[in-house]
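Peer 1: Given the sequences, and given the hints that come with them, work out the whole structure.
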Amino acid sequence: MHIRKLAVAAAVSVLAGMPMAAAAQTLTIGLGAEPSAIDPHYHNLTPNNATSAHLFSQLVEQDEKQRLVPGLAESWKPINDLTWEFKLRKGVKFHDGSDFNADDVLATVARAPNVPNSPSSFSIYLKGKTFKKVDDYTIQVSTEKPYPLMANDISTIHIISDKAEKATTEDFNSGKATAGTGPYKFVEWVPGDRLVMERNEGYWGKKPIWKKVVFKPIKSGPARVAALLAGDVDMIDDVPTVDIANLKKNAKLAVSQGVSNRVIYLAVDQFREDSPHITAKDGSKIRNPFLDVKVRRAVSKAINRELIISRVMEGVALPAGQLLPEGFFGVSPNLKPEKYDAKYAKKLLAEAGYPDGWKMKVHGPNDRYLNDAKILEAVAQMLSRIGIETSVETMTKSVFFKRASAGSPDKTPEFSFILVGWGSGTGEASSPLKSLLATYSKEKGMGPSNRGRFSNAEVDKLIDVALATVDDDKRAAALAKATDVALGDLQGIIPLHYQVNTWAAKKGLKYIARTDERTYAMGVVKQ
Amino acid sequence: MSAFIIRRLLQSVVVVAVMSLLVFVGVNVVGDPVHMLVSPEAPQEEIERIIRDFGLDRPLYEQYWLFVKNALQGDLGRSFVFGEPALKLIVQRMPATFELALVALMMAIVFGIPLGVYAGIFPNRVSSKAIMAGSIFGFSLPTFWVGLMMIMVFAVMLGWLPSTGRGDTVAILGLRVSFLTLDGLSHIFMPALNLALLKISLVIRLSRAGAREAMHQDYVKFARAKGLSEARVVLVHIMKNILIPVVTVLGLEFGSLIAFSVVTETVFAWPGMGKLLIEALHNLDRPLIVAYLMIIVLVFVIINLLVDILYSVLDPRVRIQDAGR
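Chains as they are written, first to last, in our numbering: chain A, 1 to 527; chain B, 1 to 325.
Everything labelled a hint here was simulated from the structure, so no lab data went into it.
Please read all numbers here as calculations on a predicted model, not as lab measurements.
Some clues are possibly wrong.
The calculated DSS-like cross-link candidates involving lysine-lysine, where the alpha carbons are at most 25 Å apart (straight line), are [as the list claims (entries may be wrong)]:
1) K206(A) <-> K93(A)
2) K166(A) <-> K88(B)
3) K474(A) <-> K249(A)
4) K129(A) <-> K474(A)
5) K252(A) <-> K507(A)
6) K88(B) <-> K176(A)
Peer 2: Spelled out as C-alpha cells, the structure:
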C-alpha cells in the first residue's frame, strides 16, 4: 500500500515534471506597459529602454542599482578636461555575425539623435558631444566644457550595427534591422499581443538562463494578476498595491520588491505674490504664504509620511527626506525624512504670520503614480488638521501635466500646490537637482520641471560646479551640498516617499529588482 | 431601389463630414500630448522641437484642414506614439477585433434566438422564467466585472481556459485568424462570451417578444388549422417574422460590438483595436484616436446601409413604400 502510494506519487511527479522541463527553458512575462517600438533610438521611455536592453548593448551599462558597469566599452576615463576615451571590447559579434568595432559606435551616434517622428529623442544625451575614432577599438568623445556625466549619458545609448545606420523605425519593428549585441535575439513582435526573443548563444557577457522569452502586454492590473494566478505567465511586473498582501500569502508565488529611483513630492508656488488657488478663509486675497520658508517647512512637518505609507501605499514605499534614496551617487548624508509634528507645524505657521491658516486648492494626477490621487487626499486632510482649509482636484495625466507646466495664460504653471514624482534617469542626484531645483531658464536648459519656480543663487552655483567637476568625490560632495541647501535649508520641494516597485513570479523564481523600474528577463533567476 | 441606396449614401457622406469635424476638434482641445510623450528630463528646447514636429504649433483650423486634405487621400495621420501611419496600426489590429465581434455575434444568435423563442412559446414554464431572469443579469452586470469573474473561475480556479491573450493564428486570404486552431478557440471563448453576454440577453428579449406576438397572429392560427406540424409552424412561420427586428438590431449591435469591445479587450488583453484605442486615449495619441473614431463612424454608416438594404429584402413593404415616394 505504502509502496503503491509512493509509485503513484513518483508517476505523478514525473508526469508533472515533463512539461515543466520543456517549459523551464521558456519564460513568459506579463508586462504592465508595452514598448512603442523596437527601434532602440525612437522613444526614450522605460518600456522601450527595457526592451532595447535585451536586444542591444551599450558602451557603458547600468546594473540593477544603476551603478555604471562596463558594457561594450571595457574601460573609460577622461584623458583631459574636455575629452573622454572609451576602450572597446574586442571579439564581440552582432546577432547577424558581423564584428563590433568603432564604426558601429559612430553609426549609432549619427542615427540616435535624428530618428524621424521621435516623440522623445535621445538627442538630449548626445548634444554637444563630438565622437572621434582613434583606432578600431578606441573612441574619443570631446565636449566644449568639462562634462563629468559622460559615462552616464553614454549608458543610455544602445549600439546598433553600422549596417543599420540608415534603417527606419519600421525596419527595427519588423526585425529586419534588429541585429544587436544584446543577450537576446529578436524573434517576433506582434504589437499588443507578444514580443518573442531567444537567447544569443554568442553573448559577450553573462549568458542568461532562459532560452526563450515571451513578453505579453497585459495592461489591466487585475487581469495581469489573474494571468499569473492562472499560470499563463511566469512573472508580472507593476503588481497593483492592493494585491501585494494576498500574493505574498500565496504559497505558489514569490514576490520581489525593490526601492525605485522615483521620489513622490509636493511642489509649491514660489514665484507669484498672488497665487491663483490660495485665498484667505473668507475668500479674500492674501499674499502667497509659500514664499516663506517657514510655511514650506510647516507643511513638511504636518505630513505624516509613515501613515501615508502604511495606509495608502499598503507598505510599499519608503519615507523620503531628499531626492534619491540612500546609496545613490550624490545624495546628502544629512537629510532624513521629516518627522511628523503637527504642533510644531502650527507653531511655524503662527510665526510666519498665518496662525489661522488659509484656504487652498491642491492638484495632482490620478493615473500617473502609484495611488497618486489617494496620497494627495491624505495630504489634504493632514493640512486641514493644522488649519489650512484644503480641497483636492485630481485629473488625468494628459490634462494635468500641461496645466501644471504651462497652464496659465502667460504659459507659466497654473497651480499653487501639486503632487508629482521624479525618477532619476541617470541614477544620480544631478538629474533631479537640475530639473526640479535649478532656476527655470529656457536658454540654459535648466529647471525644465521646476514647477514651483524655486530659485536660489547658491543652489544654482553648486549645481553648475557639480556639472563641471569631473572628479567623482568632489562632484558627489557638491551635489550633496546643493541638496542640503535646496531641501535642508530652503525646503524648495517637499519630498514624501520613494516608490517601491513590486514584481510577482511563480515559486522558485526571483526577480532582481531594479531601481530604474525596468523589467529584464536577465534579472529573473531560479532560487 | 437604387434611388434608395443613393439617397442613403449621400446622407452617409454628410454624417461622416460632420463627425470628422466634431471628433477632430473634440480630441484636439483636450490636454497636451507632448508632456505625455517626452522624457521628463528633456530640456525646454526639445519639447519645442516635438511641438513643431507634430504640427501642434499651428492654429487648429489649419491642422483640421491638413487632416481633411490627407484623409481624402487615405492618410489619417501618423501616430504620435508609434510613429507609424494610424491607419496601418488600426488595420493591423482589425482582424482580431472583427474575429472577436463575429464570434460574439454568432453566440448571440446561437444562444439568444432559440432561448428567446422557447421562452416566447412557453411563457409560463419555470425554465422560461429562469431564462428571462438570467437575461436581466446579462443586461445589468458590468462587462468588466463579469470578465474578471470569468477569469477567476475558469482560468484561475478551474484552470480550464487560458486567462489572457490571443491564441495561435493561421493565415486565411492573408488575414491572421485564430478561431480555426484549437488553441485559438480556447483563447477566444471567454472574451467572446463576455462580449456577447449583453447581446444574448438582448436577442432573447427581442425574440421572446416577437414570438409572443406572432403566436396570436391569424397566419399562425391558420397554419395550425391547416394541420402543419408544430416544428414547421415555429421554424418557418414564426421564425421568419421575428427575424426582421432581430436582424436590424443585431446589425446595429455588430457595430457596437466592434466599437465597444474596448472593455473586454482590456480585461482579456486581446490584441484588437479597442485595446489600441484605450492606450491611445491614455497617451493622448491624437491622430490614432481621430483615425479610430473615423473608422468606427464609417463602420456604423456602412452597417446601417447594409441593414437598410437587407431590411428591404426581408420586408417587401419597405421596398414598396420607397418606390411610391
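Peer 1: Taking the hints in turn, state whether each one holds.
Peer 2: Here's how the hints hold up against the structure:
1. K206(A) <-> K93(A): holds (15 Å)
2. K166(A) <-> K88(B): holds (22 Å)
3. K474(A) <-> K249(A): violated (47 Å)
4. K129(A) <-> K474(A): Between K129(A) and K474(A) the Cα gap is close to 23 Å, so the pair holds against 25 Å.
5. K252(A) <-> K507(A): holds (5 Å)
6. K88(B) <-> K176(A): Judged against 25 Å, a Cα distance of about 18 Å means the pair holds.
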